[in-house]
Every structure is written in structure tokens, then in C-alpha cells.
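Participant: Read off the chains here:
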Amino acid sequence: MNHPLVEGFFRMDKFPHIWCPGCGHGIIMASIARAIEKIGLDKDKVCIVSGIGCSSRAPGYMDFNTLHTTHGRALAFATGVKLANPELEVIVIAGDGDLSAIGGNHLIHAARRNIGITTICFNNNIYGMTGGQYSPTTPTKEKGTTAPYGNIDKPFDITQLAIGAGATYAAKTTAYHVPQMDKLIETAIRHKGFSMVEAISICPTYYGRKNKKGSVVDMMTFLKDSFIDVKVAEKLPPEKKEGKFLMGEFINKAEPEYTEQYDQIIASQKK
Amino acid sequence: MNHPLVEGFFRMDKFPHIWCPGCGHGIIMASIARAIEKIGLDKDKVCIVSGIGCSSRAPGYMDFNTLHTTHGRALAFATGVKLANPELEVIVIAGDGDLSAIGGNHLIHAARRNIGITTICFNNNIYGMTGGQYSPTTPTKEKGTTAPYGNIDKPFDITQLAIGAGATYAAKTTAYHVPQMDKLIETAIRHKGFSMVEAISICPTYYGRKNKKGSVVDMMTFLKDSFIDVKVAEKLPPEKKEGKFLMGEFINKAEPEYTEQYDQIIASQKK
Amino acid sequence: MSKQLELRLSGSGGQGLITAGIILAEAALKDDKNAIQTQSYGPEARGGASKAEVIISEDSIDFPKVTLPNMTLALTQIASDKYIKDISVDGTVIVDESITLPETLKAKHIYRVPIIKTAINEVGKEIVANIVALGLIVGLTGIVTEGSLEAAIMARIPKGTEDLNRLALQKGYELAKTLQK
Amino acid sequence: MSKQLELRLSGSGGQGLITAGIILAEAALKDDKNAIQTQSYGPEARGGASKAEVIISEDSIDFPKVTLPNMTLALTQIASDKYIKDISVDGTVIVDESITLPETLKAKHIYRVPIIKTAINEVGKEIVANIVALGLIVGLTGIVTEGSLEAAIMARIPKGTEDLNRLALQKGYELAKTLQK
Amino acid sequence: MADSKDNLTIHINESWCKGCGICIAFCPKKVLGFNENGKVTMLDRENCIKCGMCQMRCPDFAIFLGGKE
Amino acid sequence: MADSKDNLTIHINESWCKGCGICIAFCPKKVLGFNENGKVTMLDRENCIKCGMCQMRCPDFAIFLGGKE
Amino acid sequence: MAKKVKFLQGNEACVEGALMAGMTFYSGYPITPSTEIAELSAERLPRIGGKFIQMEDEIAGIAAAIGASLTGAKAMTATSGPGFSLKQENIGYAALTEIPVVIVNVQRGGPSTGLPTAPGQGDLMQAMWGTHGDHPVICLTPDSVRETFDLTIRAFNLAEKYRTPVILLTDEITGHMREKIEIPDASEVEIYNRIKPEPGSDYKAYKVVDGDIVPKMADFGSGFRYHVTGLMHDETGFPSNSTKNAGILMDRLMAKITDNLDDIITFEEIETADADYLIVAYGGTARTAKAAVKKLRAEGIKVGLFRPITVWPFPEAALYKLSEQVKDIIVAELNYGQMKLEVERVVKNNAPVRFCGKANGEVLTPEELIQKFKEVL
Amino acid sequence: MAKKVKFLQGNEACVEGALMAGMTFYSGYPITPSTEIAELSAERLPRIGGKFIQMEDEIAGIAAAIGASLTGAKAMTATSGPGFSLKQENIGYAALTEIPVVIVNVQRGGPSTGLPTAPGQGDLMQAMWGTHGDHPVICLTPDSVRETFDLTIRAFNLAEKYRTPVILLTDEITGHMREKIEIPDASEVEIYNRIKPEPGSDYKAYKVVDGDIVPKMADFGSGFRYHVTGLMHDETGFPSNSTKNAGILMDRLMAKITDNLDDIITFEEIETADADYLIVAYGGTARTAKAAVKKLRAEGIKVGLFRPITVWPFPEAALYKLSEQVKDIIVAELNYGQMKLEVERVVKNNAPVRFCGKANGEVLTPEELIQKFKEVL
Ligand SMILES: Cc1ncc(C[n+]2csc(CCOP(=O)(O)OP(=O)(O)O)c2C)c(N)n1
Ligand SMILES: Cc1ncc(C[n+]2csc(CCOP(=O)(O)OP(=O)(O)O)c2C)c(N)n1
Ligand code: SF4
Ligand code: SF4
Ligand code: SF4
Ligand code: SF4
Ligand code: SF4
Ligand code: SF4
Ligand SMILES: [Mg+2]
Ligand SMILES: [Mg+2]
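Protein chains in written order, with our numbering: chain A, 14 to 284; chain B, 14 to 284; chain C, 2 to 182; chain D, 2 to 182; chain E, 5 to 73; chain F, 5 to 73; chain G, 1197 to 1573; chain H, 1197 to 1573.
With the rest of the complex left out, here is chain A (with noise of 0.2 Å):
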């Protein structure tokens, strides 16, 4: 008997995939499908875009219009993709370096056009398929291989940077926090416009070996005890919220879409 998932919405012959034990990205990949499932879409309406990075491998292994673009780049062609075709669900799913360090450009110009595109962040805070790195969300003080001494950056917060820029949906969840980003993932994924979720991943090789953050286990604990929800954080007396990060949906708001006001260009314009 097969995973019915696996079964279901993805490439069951690319299995098993090569992520490593423990890694994150493996979590917040099915919950995209279960999302996915859930809204009943079309699957061939659906295209999955990625960058490059160990996340961006996703793509592969998940049964739709798939595309595996250069480094940093999902975006710009998801929107191509999208804005060429509008019926097609567009997900883009990506790694914080991905994302926010090369690609940071890109991300910023979506969530301000407002098109209809999901993102789906796998942020396990570093670089992983070029061996560890330290990205733009590795904590202040931690070390990546190119940080032998501490990084010294200060990390983006992925979320409030695309709320910055104009994104009308942004939330974020983690890879323990499952149930609540199946739920976020679908609401973004339903959201008319630009939306993006930041799941905090885990990469056991090489951020937790790194940083000595311990075992697999150790990190999705670290996960479980150090997110609160916003809505939850609300009612928290400050001493418990203390050394807390929070999680949940941090803007949910109407705007027209980049495509749908295209078409209205066109409508009015065509002969």
C-alpha cells in the first residue's frame, strides 16, 4: 500500500527523495499537497516553481507543471508563468537564501504588484545545498561555514520584509507546527493576490551540526517551545512571551490582483 499523498500529487518513481534524514523541507512539502488536496485544485492547473537550493528541489518530486529555475529567480518566472496564464494556480516554493538573498528583489516587486502567486518559504535559516553558509535569516551570533566566528548580520524577518513591500497575505509557521500550516498554506493558496507563507524548516546537517543545536528531535522541540501564535501572543502577559517568536497570519487583506487588473487593461483596449 502507498502513501495516499504520495500517491495522489506526487512523482512516486523520484522517491525517496534526497533530502536528508531529518530535514524539514520533506514536512512542509506535503503539507503544500495536502493544501492543495484540500482546495480540490486541478492539478494541471497547478505550477510549482523553484529556484535553486535544496528546498527548490521540491518541484521534482511533486505531480504538476513543474519548474526548476536559476538561483534566486522563481519569482520572476512564476510571474511570467502567471501573468501569461492566470488560470493557473502558481506556487512558488523556496529557501531563504533563495528567497530573501538573491532573490530578494524579486520577492520585494510580487508582494507589491499584488499578483496571484503563493510562496512558500522553507526557511531553515542557512544555506543548505552549497553545505551551510549563513543566510540572510541566520540568527545574529550564530555561525555558518562562511560565519567560522558568529554571524554579524542582523536576520531579515522574511514575513515582515514582504509586508513591507505591499504583500497582502504574509504568514508564518514551522515544520512541528503542521496542523497550522496546512491551514495557512490552503488560506494562501485561496488568497486572491500575492500571498506568502514562511515555514521555519530544519537542517539538521548542517545548521543544527553547526550550531550544536543537537538532534533532529532536538530541533523540531526547539520549534514546538519557541513559537506562540500572534493571536495567542495577544492575550500573554509580556514574562511569557519573552524569547518567544511568533507565529500565525500577520496580514490578510483585500487588494485588486496584478492579472485581473491586466485583463481589464485588455478588455478596455481590445478591438
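Don't read these hints as lab results, they were simulated from the structure.
Some hints could be false.
Here chain A is said to cover these stretches of chain B; the calculated rule only asks that three of the stretch's residues, wherever they fall, bring their Cβ under 8 Å from a Cβ of chain A [said to hold, decoys possible]:
no., stretch
1, 41-47
2, 162-173
3, 176-184
4, 256-266
What you are looking at is a predicted structure, and each value in this text was computed from that prediction instead of being measured.
For every residue, glycine included, the Cβ atom is placed at its ideal position computed from N, Cα and C.
Since the structure of chain A is already known, use the hints to place chains B, C, D, E, F, G and H with the ligands on it.
Facilitator: Leaving out everything else, chains B, C, D, E, F, G and H with the ligands in the frame of chain A:
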């Protein structure tokens, strides 16, 4: 008799500058020089960096160490200058296109790192140099040569974008509000860490003409009437704020500056 | 006039000389001639002088740029200073009367003509100085037929300005006549 | 042994075989031999098999890659399946005893040796299986001197693990002796 | 998907399991464990409440609820 | 810069002035105007309060307060 | 058949050609002297239901075009030198993934920002070698407004036929000059469309079948769920580390061009039949050469012009043949002798290869070329 | 003099060489197979008071290095194919503004993402032609770990001497193999530093004086307030639209290289004195060729190796001379024959030029080369 500011801080033989009659860029360039004068910086220790655009022509007129780079990359070059020689006061001059279109990624990363560079954005809401294409700050519905039917993009609020990226100092002002601009630029230069002043400029030649904004004076009057200081706005009733834009300081906080952090690493590792 | 007209129009950015060049060329096409129009672009144009060039010929035109024009026209001093020098010895120089020409300038005909003043005073809009200039040039050279020129003008101008432009053209022809006597 | 040893070490990512290759090469340098070490990198390494190759020679080494090794060692089944096939007919194959070898495999010597078990049971840490393997290889081939090998090991390992590694090396030599008789 | 929980049981695809231990650690009933190959195994099928958390958190699609047969 | 306002007066560099009219429009005392070349000119030096706003807003560095001499 | 006579810039003709070829998508970033192509596309595309988008930079400009092409759109992006440099990574991506896309480079003067408003031909070699790694390249250079129109159509056709990016390499001269152009009727123009798999058919995205030149290309969203990657891949399109597969793929990509030179290569020969001397020139500079040839012929000098229209692949065979006939070859171009290198390689010892060019932002005049010609002869 | 014997990867040796050359600044973006260069730089630079920064992408990586160089730092950035493509625009900027910077490209397999962990030599032509417009290029290719060390130093020296970007073009083979290397004592190594103007002297930033090769270069912040621009500029460094100035500038930039070929070009010849046959190879593939030459010589075949070390400018004169002597030339490289084109151009009809190579991610083995060699002879 010569203009005292020109004599002291500009390359007089390059004047009159190439900007069009009424172009707001000259006003902002003057303000930067006044701020430098006010602070009393050593001209030999000031480095002005720009990309490509009408605004980016400013450094050629300014009597400092000046660097006119490639389109969008001023902050990346400036990061190298500043990190290699933190003694230099590095100021980046960038158009809205240069800074937030092709250069958007460097903006958010410089802001994130909190590196001690001051960025002055000459925001005329258009690509002036190339003849009036819409830019990431062109308001929705306005026209550009590449938006003949009205722009459907949502514009960036560059100040909010910088804040979302982690900027520790961000302010907005206009070419009309020169005394305020002088002060904000001065504060920005004095700020430790990354600082940005978004100075709303005017491009009568392209933006103004294309969008029927009237004369240069009409465009300046619009700035005069449309912007109110955030601090003032806080005290105003909603009806008085309707249709107005906010200017002033939006964030000003103290965080460790990048090159100083790096020097600490050197101090701890140097044998 | 030689079979091939090589014309250089110069002035400041807003004076519509590029449009004038295009119109003249389009008129030539209507007359079944060949024409090429080129221009100088870019940052120099900010504030500085702008330049449009037109070659009109019965034959096919290989090299598209004007090297030594046989006719130049300048509407501003800056443009004149920059572009008027190059002129073939048997060529014609036309400048607005407000312009001072270098004494060393050599050409077969050198005309200082009240183009702008005509546009302002006799047509009523400085903006049509370019059309006045066209009338002047065609009046002098006959390089295109008057019918083609008028048709070409009408095709390029904003709706509602037909009469204004027709008048400007007329005034241009008239200026030409004053020179030819 | 021939003058030139071409060795391929393979296993899973975490088994330290690249380090083992480097150590062996560094030991060879101490013996005034030449050595080159290469390895396979990259995404294949995720989960899959990793490979390190060493060439040790008295002469200078031009071509740096092992084409047909005269000794291969594999510590995992996946690695063995992928890399063990290529072996020169007069070469030596060494695999961990947990590994099943294809019946078609042809080599002068084929050894299945309890390398990992030795590391776990007799040294006490699976992680030193690579050093056990080094002892075994050098015990069999004498390609480097024991003194150089120990010095090279000591230079590469974390402080505080010297005794552990020395013991592992010893056990490797002992395993070699059991094969040579 | 229409299966009621009664017809479901945990299936394990040992060849895909990479032995990360996530499912084991976070199983609310602690009914999972490692086998001798370092792969996951069901220790106490009776007490499994079929909550599906193991399936949801397995990065490798190696454990899931499926029909009994 | 140490000049007291008394010693200051408006200077105009006509060759740099591009005639945009900004200084004229926003001079609080309306003492500036265009000359026949479309360049700025001082119409009423007496009533100039030397506030410097023209200088601050001139994009072309063509008008400024300087010593009287 | 009523032909529309227009007076257009080369850049405008490019858009007219693209529309006639079936362009429905344009994405780019403005840069002098190519901007008119974007501007006119922005105006015209919505009228035919097509899409125009101004992206955040040139990298995104080509990326979006490639993405659009995958959905079945015929897509174009235009730029000039600095932007062309930025597009290089994704040109290689389109080449390896075999996604049709047309890239226009209206060349300007100099390296770096250089002389943005002046003409140049310094990107010739870059058009062939600008992206990393071996890859198939087709590059066309028009010398007139009408040819800009024709070659834009041809660029789309070749892109569709060979599933590869095609570079239309024009220059500020042809891009900005206005010239008479008769726009042919659509019925007179041959349009090639990519071959798509039959609905419901068995489909391996990167397998060439039925004597096709390239794999059939399914539109994303049309029911074939396949994978596209810039990694080396096998016939199914999925990444493969196998060096054997990599070799097969690369050989096939390179052979698309080398096996079809006759179909791809075009060139013009003027007065070559009895020529003792040969001028080689392309793009805007060919206009200079044509004028020079006329003048020299008028003086009785037997000179001919060889004008590569397809510059990549380079028309080696035709040039080689001519080189056996002539006494001397002079290559005229606005750079430091880029095509000259290629000509030297091709003609071997058959004839000395001289150079006449400059890279200072000026066009070459017929007089200059004639002078140089006479100097060396 | 105590020499330090180490067992290093080529990438590590590159950093050791850079540090010995005086590198004080590294900025880049990680990419396989170059990443070790960044990693080791990150570790080592702070220890000598130097700076390392990981930028947001490769474009920023080279931009920051150029910025740092302007303050007087010796700066380097390293990458592989995809990143090299992205750096092209700013390579042209450094060339036109004459700012010394060293760019390392550790070549991997294929175009686009290709085979990221496999070796290749497909960026040879890109190193010369990757950026738009004509520009001076120096590019060096080591074939061993020790030579990687030496050539990194040489790259810095040439960058400083000629005020130009210098490309160190290595490959996965030499980058990742570990080999014995004797690190020379600093006193044995010649280091060249850019010439700076005398404090307080009259300074025109882009004027060549006193028989210098290039203009003196003042550090930003050292009291010379000058202007640097990627636009065409005159001797003062300020933008100039004058085509005359543009011509003067471009001629000077190109002549820096062409007038100093003897100083810049190095190559290795092995067994060429009596050679009847010649193998041309460079970088990692030269190792294959060396092994092949040994074996063929052992069989009594008179074959020699010509190894360009400086690949750009290409060692034309030396190769031409050899081509007059040999019966046949075979070029071996990991691509579809990039250097072969250059060899063909140079040797004209002197000898047939054959090719032995592949671009599938494998190295070429001596056996393969020997087989090909024997096939064609
Ligand atoms: C242009 C370019 N630069 C750099 C690389 C090398 N590279 C590949 S993936 C990657 C970073 C991966 O990090 P992230 O996006 O966070 O994904 P992860 O592997 O952590 O899931 C880098 C630097 C590349 N392939 N292309
Ligand atoms: C890589 C590259 N792309 C495009 C251009 C063309 N270009 C020059 S300036 C500019 C935009 C200028 O707009 P902005 O930065 O807002 O400055 P402004 O001229 O409005 O002051 C563009 C698109 C270029 N020079 N380089
Ligand atoms: S390296 Fe890290 S991110 Fe990549 S597969 Fe392994 S655990 Fe996951
Ligand atoms: S085009 Fe616009 S931005 Fe540029 S100089 Fe003119 S007014 Fe200023
Ligand atoms: S379904 Fe729930 S109870 Fe059962 S094994 Fe999985 S996690 Fe444990
Ligand atoms: S979570 Fe999955 S991979 Fe990990 S141990 Fe459980 S079944 Fe195996
Ligand atoms: S100083 Fe003030 S009052 Fe005087 S002219 Fe200027 S703006 Fe008017
Ligand atoms: S603001 Fe300056 S340029 Fe404008 S009119 Fe006044 S003086 Fe002249
Ligand atoms: Mg990551
Ligand atoms: Mg702007």
C-alpha cells in the same frame, strides 16, 4: 561672486548641471551638501556613491570622493567602500528606479545589515533618464511611456520597505520642504548604522508632462499641499489627513553598526 | 538642388524638430522618394541641443547618417554653436534671426530668418516654429511637394490643431519667398 | 604492491572517509612520496554515497583522478553497489562484513572485514571506523610508514581523541594481520 | 479518505524511512520506536489513536495511515 | 556664513538659471520675477527679507544670498 | 494585396515584426537605446489580448519571458549592453531547457555604461559566448528597418522551430533610424509554431520523436504535467547525474544548430561574383559598406560585400569559398575587431584579413572605410 | 629558508596565494565548486585585519570588491559559472574604470545549473567575451594546486600593475583536488602594488604620466577627491560625450594588454623541442595531457604539450611558431572546442587542428586522449 555652497562643496566647472529646468534633483543635492557642511565633515573623508539615472549624475558635481557605478548597484559598491574603510562617511544617492527597481535587493540587504551608509533616494516616481517609464513608485493609474493605459502596479512606499527590511533610520521628505529635508539628511548622516531619507523629487519633463501635472510650480505646490509631518498628523483629525501623505521620521533606533561589529571580530581574532 | 538632400535640424528639446524631420521624410515617401531620418538621443538632450537629420533621395539610401549636410537649420544659439559648423560649401544654412553666427562660417546661402517670431506673432504659438521651418525649407528647396507635406503634417499633429499648423506652414512658405527674391 | 597506489574509499556522508583519504595522503607526504586526493561532492552526497580517492606514488602524479583503482574500500551497501565494481584485476577489494558483494566481482583479493563492528565493539565509537579502515589498508599495503600515518592522524583529529584514534589504528593493523596469514 | 478511523492503521515504508526519529518523539501515545536497522517500527499498534501526527511530521512520507487489509 | 543678514543680498547667476520659476513662486515676499530672457531677476530688493528660501529651493544654484560688496 | 507603407524606426519595426510573428508576451526593463521596443509593446499588446510587463530588472525581464513561453506564449524581451550582460545566466537556462524566447539587444557604445546613446557593435562575441558553458546560439543582425521587421519574425520562427533562445542583435543605428518599410500582409509571411504533443498522447518532455528536430513542447496547463530544470536532465526532463545522459543532452543541443546550418544561416552577397576584394560587414555598419562598395565600384575597383545576416552560427562555408577568390578581405565593424577574429579563423591563409573599425561611439563613414581600404591595398 | 609543506585543495591554495599577494578584502556569494574559497577567506581575513563579507548575490559580490579596491584594498571574489554570468556587467565596469580586482571562476559542468559538482571548461570564451563591449581581459588557468597559489598571486600583481580585473579561471578538478604544495616564504615572492600619487601632487585620475603603464590610483579617502564613472570619460575621470575622448580611452585600455603581451603571457611547453605532434591543453585537462604525453613518448611518439597559462591574451606567437614545426595539433578541453577555435585562428593552414574533448561532467582520461590522438594520426 559665487554661490557659497557651490564654492565649498561642488565642482564648479561642471555647472550648470544637466538636469532639466525645474528638476527637483538639484534641490536635494544642495541639501546633502548643506548637511555635510553643517556636520563639518572632512571632504576628503566623504564618499558619494550612485548608480545610473538622472539622480545618479549628482556625484559628478559634488567635490568629494565620488563613484558613479552601474544601474542599481550603488549600495553594493558602497558596502565594499564602507567595510574596507569605515573611516569614510559613505552616502549613496539613488533614484527611485535605481534604488527600488533594479537595486531593490541591495537596499533591503544594506538596511538589514545596518551598515553605516546613508542613502538619499531622489524619488521622482519615474525613470527620468530613460524617458519616462513607470517606476516601482509610480502611483497606480498614473501614466508612463510603458504604462500608456495607466499603471496597474501598486507603488512601493520605499520608507516602509526599508523599515520592513530592518532599517534603523528611515525618513521621508520632499523637494518643497527643504528646511525639514536639511534636518533629516543631517540626522541620517549622523545616525550610526544604515539610514535612508526618501526625498520626493519632481520630474517635470517626463512625469509631469505625461501626467498633466502642470508647471514646475504646480508640481512643487502639490508637494507643499500634500505632505504633512507624521508628528503633526498624529494630532490631526482624520478628515484633515485624507488624501495626504506622511513625511518626517518613521524610525530612528539604535542597533549595532555592521563595520563596528566586524572590527570586534578582527579584535578577537587578530594575532 | 542636388538629387539628395541631407538636412540637419537642430534646436532645444521641446521645439519639435525631430517631429519636423519625420514629417518631411514622410512627405518624401508620399512623393515616392526614399528618406531616412536619424537623431541624437539621450542625456545630452537634457537642457542641451537636440538634433534631427533627414536624408531624402530618389535613389535608395545606403549610409543613413548625414556627414556633411547640404542644408542645416538651427533654432537656438546653443544648437547653432554645436551643429551649424558642418555644412557643404554649396550648402544652405538657415538659423533663427535671434542667433549670432560665427564670422568664419562658409556656405553658399546663409539665412537668418525670424522663424520663432513668425510662429509667435503671426501664427500665435511658439510651438509651431517647427512647422514654419518646414514650410521655409520646402519653399526653398522644393524637395517634397506641397501636397505631400501638408498631408504628412496633418497625419502627425494632434487633432484640433489643423488650422494652426496650416497657417504655420503658409507662413513658412511666405518666409521662403522673401528669401528667394 | 605496485609503485603507485590508486585507492577509492566510499561510504556514507558521515563516516569520515574523505578525512581518511586526506590523512593517508598526508602520511605519504611525510614519507616523501607524492599524493593526490579527490572526492565526489554535492547533492549526490545528501543521503547517498560519498567517495574519496587517493593516489600515492613515488613519482610525480600527472592525472589526478583514479580511473581503475587497485584498491577499493566500501563501508556501506549503497557505496559498495555504486563504486566497488571498478577494480583492476590484480587489485584488492575491502568491504565491511555487513556488505553483500556481487558474485561477478573479480579482483585479486576480496576481503569482507568487520570494520564497523570493530570500531563499535573494540574501540567503542562507530565514528572511528575510518581510522580502523586506515590501519587495515596500511597494514595490508605498507603504502605509508606507520609512524607517518600516526603523525598524520594526530594532526587531523580533534584534541582529546588521540587515544581513541590510536586504539582504532591499532585495531586496524590487527585486522590486517588476520587477513595476511 | 472516506475511511473511518476504524479501518485505518499505520503503514510503514521502511525503505523510505531515514530514521530521523521525529515521528517517534512526537507520537502522543509513544507507540513508535526504532528497529534494529534504525528505521521506524510500530511497537504498540493497539494504543495508536490514529491521530496522524506521525504522518504529518514525517519528512520522508515513510509512515502513514491507510486501510487495514 | 558668519555674515549677519545686513551684509547679505540676493545674487543671481543668470547663466545657470533655467527659468523654472520655483524661487519666484515661493518667495514669501514675492520680490522675484522673470526678465525678458526668461531668467530670474530681483524686482524689489528692498522688500527681500533674506529668508534664503529661494536659494534653498533653486535646483540650479542660480540664486543665493551673498555679501554685498 | 494592400501593403502598408510606414516610416518607422528599427525598434518600432521590431515590435511590428514580433506582433506579426505572434508575440503575445513582452517583459523587460527599459534601457537606451532599446526602450522604444518596450514602449510600443506596452501600447500594442493589450490590444491583441497579449501581455506586457515591466519587470524589476533585466534578469526578471528574461525570466518572466521564459516563464510565459512555457505556457505557450511567444515571448520577447529587449535590452542593450548592460542589460544583456545581466540576462546571460537566464539565456543559458533557456538554451538548456529549450524554451523558445527572443532576446533583442540594441547595441550601444562601449563596455560598462559607456556611451548609452551612441552606436556600437561590441556585443557580437558576447551574443555567442556571454553565458557560461557550451550552449546552442542563434543570432541575427539586421541592417535596415525592413530587415529588422523580417528578422524579428525569423527570430521567433527559429526560436519555435529549434526550441532555443534567439538573439536579435541590432544596434543604435538601425534601432533608431527611421526608414520606409512596407509591412507585408500577414498572409505573405511564414510563421512557424512550436510543435505540441497531441492531447492525451504519451509524452516525454525531452525526447525527440518522429524525426522531429526537437522534443515536442507542451504548454504548462495543457494536461501534460512535466518537469523543467536547468540541471542536466534525461529525456523525461528530470535531473540526472549521469554523465552519459549529460553527454547525450549536450550533443543533441549543439547538434540542433550544427546539423541545420543550411536552414539557419543567411547572408547577403553584393557584387561578389567578380570581386577581387571583399568587405565583410554586418548590422548598421553594412550600410556604410554598401555605400563604400558603390563608390569603389564606380571607381572601377572590383570589390564586393559579404554580409552575414545570421552571425551565429557564422556563415563559414560561404565566406571560405569567397576567400579563395579574393585577394584581400577587410572587416568593418564598430568594435576592436570581433568578427575579424572569426573571419581570420575561417579564411585561414586564403587571404589577408584587415580591419576597419572604431569603438568610440561614432558610426563608420563610407569615406573612412574607403580610405582604409585604399591604404591597405 | 623553511618552506611550509601543506596538503591543500586548489581552492585553499587560492586563498593562501591571495593572502600572500596582500588580499585584505573578499566579498562574494557561495556557489559550488568555489565555496571553499569564501569559507577559508572568512576564516583567515579577520586574523590579518582584513574583511570578508558574504553579499546578497554575485552582482553585489563583485560590486563590493570593486568598491573596496577603490579604498586601497586588494580585493577578490570567487564564483562558478552561474555566478560568473551574473558578474559580467560589473567586470566590464571594473575594466572601464580601471579598478584592480581578482575574479576567480572555478568552472563546473554545463551551461545553466548544469552539473554543479562536476568539472568543466565551458567558460573559457566567456572569460574573454562575457561582458558587453570591448574591454581589456587577462585570464589565467592553473593546472595544479601549487600553480593555483602562484597564479592567484600573479592575478593580484597583474590587476595592480595594469589596473584591470583579472580572471583566475580554474576548474573543479584543480579546485577540489588536494595536492602537495610548498608554500614559499613571503620574501621569495614578488608582490606588485598599484602606484599611488604622491600626497599633495597634482592629480588627474585617468591621466597616464611619467611613462607609467596606467594612471596612478589614489585611494578614496587619501585626499584626492576624484570621480569614477562607468561612462566614457576623459583624463580627469569625468564623463565625456566626445567621441574623440572615447577613442583615446578605449585605445589606451586595449593597448594596456596588447602592448605588454610579453609581460602578461606565460605558457608551458613540454617535450616540444623535437615534437612532430602537439597537444594543446590548459587547466585541469593539462594534467590529462601531461600523462598522455608521457605515455606516448614512452611509445616513441614525438608528441609535445603546449599549455597556455595565460589564456587571455592568448599566446598566439608561441603557438604559431610551434605550428610551423608540427604535423598535427590536437586540442584537449572539457567543452565543445572553445580553445580549438582560437588555435585554428592562430595556426592558419600550418597544421590541421583536431579536437578531443567532452562536456558531460567527466574529466578526460589520458587513455581517451591517447585513443583520440591515435585515431587521427
Ligand atoms: C547564481 C547562483 N549562485 C549561487 C548558487 C549556489 N547555490 C545553490 S543553492 C544556494 C543556496 C541555497 O540556500 P536556500 O535557498 O536557503 O535553500 P536550502 O538549500 O537551504 O534549502 C546557493 C548559494 C547557484 N546555484 N546559482
Ligand atoms: C543594467 C541597466 N539597466 C537599465 C539601464 C537604463 N537606465 C538608466 S537610468 C534608468 C532609470 C532611472 O530612473 P531612476 O533611478 O528613478 O532615476 P531618475 O532618472 O528618475 O532620476 C534606467 C532604466 C541601465 N543603465 N543599466
Ligand atoms: S543539507 Fe540541510 S536543507 Fe539540505 S537536505 Fe540536508 S538537512 Fe535538508
Ligand atoms: S528627465 Fe526628469 S529627472 Fe531627469 S533631469 Fe529632467 S526633470 Fe530631472
Ligand atoms: S497515528 Fe498518532 S498515535 Fe498513532 S503512531 Fe501516529 S502519532 Fe502515534
Ligand atoms: S519521521 Fe519518517 S523518516 Fe523519520 S523516523 Fe519516522 S518514519 Fe522514519
Ligand atoms: S531671500 Fe526670501 S524674500 Fe528674498 S528673494 Fe529669496 S525667497 Fe524672496
Ligand atoms: S529657482 Fe533657480 S533656476 Fe529656477 S527660476 Fe529661480 S533662479 Fe532660476
Ligand atoms: Mg535555506
Ligand atoms: Mg526616478
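Participant: Does the structure break any of the earlier hints, and which numbers would those be?
Facilitator: Those not satisfied are hints 1 and 4.
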